[in-house]
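Visitor: Just so you know, the sequences run in chain order A and B.
Using the working numbering, you'd call the opening residue of the first sequence number 7 and step up by one each time.
Using the working numbering, you'd call the opening residue of the second sequence number -10 and step up by one each time.
Among these hints, one or two may not hold up.
Think about it this way: if two alpha-carbon atoms lie no more than 30 Å apart in a straight line, the pair counts; the simulated DSSO-like pairs of lysine-lysine are [stated by the list, open to error]:
#1 B:Lys455 to A:Lys95
#2 A:Lys99 to B:Lys506
#3 A:Lys96 to B:Lys512
#4 B:Lys608 to A:Lys99
#5 B:Lys616 to A:Lys72
#6 B:Lys372 to B:Lys421
#7 B:Lys456 to B:Lys404
Calculated directly from the structure, the hints in this document are not laboratory data.
What follows is each chain in one-letter form.
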Amino acid sequence: MRILLVEDDAMVSKLYQSKFDLERFETIIASNGQEALDKLPSNPDLILLDLMMPVMDGFEFLEKVKKDPKYAKIPVIVLSILGQEADIKKAQKLGAIDYFVKEEVTPGQVVERIRQHFPQKP
Amino acid sequence: MKTRYKLFLVYLAAVALLLILLSLTYHRWFEAQKQTIFETNAQVAKSTAKTIEPMLLDNYQSVNLPGFDLATLDLPADRSLFLFNPQGSLVFTSKKIANSTQYENFNQQFKSIRGNLNLKTFQSLEFFDPFSQKPQLATLAPVGNTGWLVIISVDKSLALGPIYQLLRWQISLIIILVIIITIVVPFLFNRWILLRIHLLTLQTQKITKGELDNPITSTSRGEIGSLAENLETMRRELKKRITQLVKAKNEAETISQKDEAILASIGDGVCAIDTKGKVILFNDAAREITGFVNERVIGIRFQDIIQFGFEEDLTPNNQFIQKALKDGENTKMTNHTVLIGKNVRVIPVEAGAAPIKTKSSQIIGAIIVFRDVSHERQLENIKEDFFRISSHELKTPMSIINGYVDMILRGDAGKISRKTREYLQEITQVVKRQLALVNDLLSVSRFESARIAFNLQPIQLADEIKKVLEEMTPQAKEKGLKINVDRRILANQLPKVQADPQEARLMFVNFLGNAIKFTEKGKIDVGAKVEKDRVIILVSDTGPGIEEEYRRTLFRRFSQFGAVLKRKSGGTGLGLFITKFVAQRMGGDAWLESSKAGYGSTFAFSLPIVGSKDAQTAKAQLVQEKKARDELEKIRVKPGSFRSPPIV
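Go ahead and model the full structure; you've got the sequences and the hints to work with.
Guide: So this is what it looks like as structure tokens:
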């Protein structure tokens, strides 16, 4: 399974990369929305998206990717510090299929949920 | 009666009396004069009769006419002689007879007169002389016993002429005198009045010049006198009023100077406008804030100088001024207002307007007060950024720690010993605690700066309460505590309230959590009270209760009680504060309903029923803030700019 991890904090991406490595997921990292757009041609199976990033934030990226017919179908799960219901609703409205608040979850829980969404993917 | 009328009457009386006297005098004089003439005539007649007698012939039938000689008769020149025979015909006259007609006339006339006369004696008579065509005064004398008559006559006008003359003179004189008096007296009287009036006028002119100190007097009584009195009263009143006015003016000037001094030193901009919107006052601070330091602004419509607008889109916002001017209401625009001043300078301000009213509550203008809050806005922006960044920065490391700990616990790093597992679990708890603290601290600050978004909507409180109960009942069970829930909550029978569902849940979590934490044994009751405008949720416990000294500051930030809480169970002491703050912002409140040391406590929070006044106010406030926040988001620096570059 190929996951595009869009996260600007290096330590966070390292943490999740470690976990994903253990799960034998392929991880592609982008540190802001613009980079993520550039990395889209790699055709990830899932995008794990942080919201607060420089250059282009998560919301903007999400809007853009969903407008692009080539990549709109890629499922997006949001993983962000922002925990307000308004933000969650906004992300869902823009097309995210799930939402995690970083300090409330562990990488293990995220992986479990991913497996729930994609039971067939190794 | 007034003097002058009396005088006039006296004058009239005098004139009348004079005329009467005159006429009486003249009458007598006339008569006397006539009498004299008659007697003179009589004398002449007598002597003439004596002279004629011997001239009579024929037994007195005729007279020796040629023998008549007027000279011998000694007839005075102004007198005329008429001689009549016993038959009554005129035989001789000294007058010139023009024609026989005249002669006949006289005969006829004499005949008619003769009828009335006693022909034997002297008598006077008056007749009209046909010869001279003039009235005559005459005396008739019989010539002895002959039956012949002699009449001696004189022209009446001749005889009485002098008297008439005199009379005419006197009457003319009198008339002239009367005319003169009638002209002069009123004239004098007029002048007398005019003089008095003139004197009054002079005195009133002094008043016109401003001299109010001299009394107005007049020596006359009557109308002029009363006019003078009235003028004097008027003068005194004028003087009084003017003195008052001058005093008031001076006072006003003093006040005005004081006000000017105050206005000049006020830090806020003050702009006063009249009912047409023209500027009548613009203090120094206003000039500084708007940038119009030296320009002339008085008399100009304020809209031409300054524009108030909404911060978000700069659309005009002058309604608050119109409201003050037209409706007489005090208005305030504390948020999201900007002022566009000179050179299109946009300044965030807090502004307010109030009407200027006269004592009779008539609106004569408005005062606009505004304060430059750019500094505050800046601080707010900095705070806002700080929260966002702190939020991120403070929590991320902890979530990373948690992440690794979790992975190790799951065995991702290999098998771990029991002790390792135990220690790692402790680390997890500590991290949780730290996260909670950071959350609380940031929440408090963010709440205070009113930046938290609430999603107000109609909710069924019972639903939220039940959700929380589901999660937290196990904890209570572990401690052996029973939770009783009000029937209405179980049956969803509470009226809908307006609130953010997440926040409502958190409030209940706070109360229930505290109740569970501090009650060692007994029960917890969750009750509900429905009032006209709000729903109240009560959480009662059988814990130790709260001592008197802690109760006052219970809901304050970092209250003493909070410190106690912290020590006991690692709480932050902020929960109650946040609960109260959040409740109030949603239009409700939170409080300690009752407590008895040793028996337990009851905490309560309320939320406004959908549609109630509190609900509407809260919603309006939050909608406005959200609008502002959304707009601010668009124009501010994107997050992450303060972060260190990723280490890749």
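Visitor: If you check each hint against the structure, which ones fail?
Guide: Of the numbered hints, 2, 3, 7 do not hold.
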